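Undergrad: Protein sequences, first through last, are from chains Y and A. Using this note's numbering, you'd call the opening residue of the first sequence number 1 and step up by one each time. Using this note's numbering, you'd call the opening residue of the second sequence number 1001 and step up by one each time.
Source of the hints: derived by calculation from the structure; they are not laboratory data. None of the values given here were measured: they were computed from a predicted structure. Treat the hints loosely; a few may be bogus.
As the list claims (entries may be wrong) - SDA-like cross-link-like pairs, simulated, lysine to any residue; straight-line CA separation at most 20 Å: (1) A:1011 x Y:32; (2) Y:125 x Y:259; (3) A:1129 x Y:89; (4) A:1071 x A:1055; (5) A:1071 x Y:3; (6) A:1011 x Y:75; (7) A:1119 x Y:259; (8) Y:41 x A:1093; (9) A:1119 x Y:216; (10) A:1130 x Y:41.
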Amino acid sequence: MSILERHFDNRDDLVSYVKQLAPWAEGNASEIRGGRLECEKRISSLDAVRYGKTRNYGNGSVSMLSPFIHHGVITLNEVRNYVIQGNDSHKSIESFIRELGWRDFWARFAENNEYFLWNDVEHYKTGYASDHYQEKLPEDILEGDTGVACIDGFISELLKTGYVHNHARMYIASYIVHFRGIKWQVGARWFLSHLLDGDIASNNFSWQWIASTFSNKPYIFNLENVHKFFNGIVNTTPSKNSVLNASYQTLQKRLFPNLEIQDG
Amino acid sequence: MAEKILLLHEKALRYRFDFDQTSNDFKAIHIWDDAYYRMQRYSFKRLVFIYETLLELPLEIIHGNTLDVLKAQNVEQIVIPQTGDQALTNLFKEIEKIKTVQYLSETPFVPIDRTFQFKRFFKYWNQAKKTAFLNNGNLCA
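Kindly produce the complete structure, drawing on both the sequences and the hints.
TA: Printed below as a string of structure tokens:
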């Protein structure tokens, strides 16, 4: 038992100190800094109206507050109170407030359903039973070397910073579960270990939403969608992303051959 | 000498609570519990983020096993911000066996009974949106 240091000359010294405390922890420090001051910087630059219009884009006006909310630096209530000040129109900020609601919804569901944090809430709606899916994450995914350029770009960001845009998280999760046939639990555990905002309820139930074990259908995406939202941020060249370069109808048929093809 | 300890765990890294923090009868601590962090399988990135956040808080960072550290403190009451996190909740139950624990509740996002079960988000949101746009969720905080 000992009292730990609180004063460091610079961030490098802090990082070295934490390395001594936790030599078992993998990876390097993120460029994303912790602390209430950093959190306040983010909230003061938050544009909840613009968030509603641009949040699905890789360069959209997202708050990046989730690591701070997860670690209790700021509460959902504080964030909401800040956002509603000076925004008289509910409609203009509804997307942002609803996103806070998702976090509250997942937390409430987890409190009442701890078992489902790691078990399927419902069966897969993919035409496959859960035992169809693999239990291990392959090395190429762990290292961000899948050969699918945009996915590798997103994984690289995850490993480097511990933060990935929510839309990109959906792409990665869908790729792992539906394109690679891996159990959502395996991907969810991997995300939790890397994300600065890794929240077991939000993370695991979101993976289940993608997998279709907590939603009415599996979430899939194609290259056209990635190009629309992340062009210039990750490599969306067709030849480097060939597995994704297809229509939704083609992908639906390829990924879920046991299901009847559904239009749209 | 402090009579209470405010235990700021890794899901409550702030210093604003509904609790008299002006008196001198308490001290705030964070316990850097290696076994706990290893169990969480946190990456180095996350540990640095947590430590960096701790440095802005007026507290003592104590390295050790949570229960051993608390046993060694010459105080009877431990004040803990509530969390829905299961691993921490289990740890708090162990703390209750050795100390008197007072939990600090957080102003909820919306005033809906937490035991009420919503199976789909839209059902939750139909209720939640009635107060989600109001200061403190229409509650007095």
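Undergrad: Now tell me, hint by hint, if it's right for this structure.
TA: Do the hints match the structure? See the list:
Note on residue 1011 (chain A) and residue 32 (chain Y): the hinted pairing holds, with a Cα-Cα distance of about 18 Å set against a maximum of 20 Å. With a C-alpha separation of about 9 Å, the suggested pair residue 125 (chain Y) and residue 259 (chain Y) falls inside the 20 Å cut-off, and the hint holds. The suggested pairing of residue 1129 (chain A) with residue 89 (chain Y) holds, with an alpha-carbon distance near 13 Å, which does not exceed 20 Å. Of the supplied pair hints, the one linking residue 1071 (chain A) and residue 1055 (chain A) is violated, its CA atoms being roughly 24 Å apart against a limit of 20 Å.
Distance restraint check for residue 1071 (chain A) and residue 3 (chain Y): the Cα-Cα separation of roughly 15 Å lies within the 20 Å cut-off, and the hinted pair is therefore satisfied. For the hint linking residue 1011 (chain A) to residue 75 (chain Y), the alpha-carbon distance of about 10 Å falls within 20 Å, and the restraint holds. Between the alpha carbons of residue 1119 (chain A) and residue 259 (chain Y) the distance comes to roughly 25 Å, so the proposed pair goes past 20 Å and is violated. Straight-line distance between C-alpha atoms of residue 41 (chain Y) and residue 1093 (chain A) comes to about 36 Å, which puts the hinted pair past the 20 Å bound.
For the hint linking residue 1119 (chain A) to residue 216 (chain Y), the alpha-carbon distance of about 12 Å falls within 20 Å, and the restraint holds. Only pairs whose Cα atoms come within 20 Å are accepted, and residue 1130 (chain A) paired with residue 41 (chain Y) is rejected, the gap being roughly 29 Å.
Comparing the model with each earlier hint shows violations of hints 4, 7, 8 and 10; every other hint is respected.
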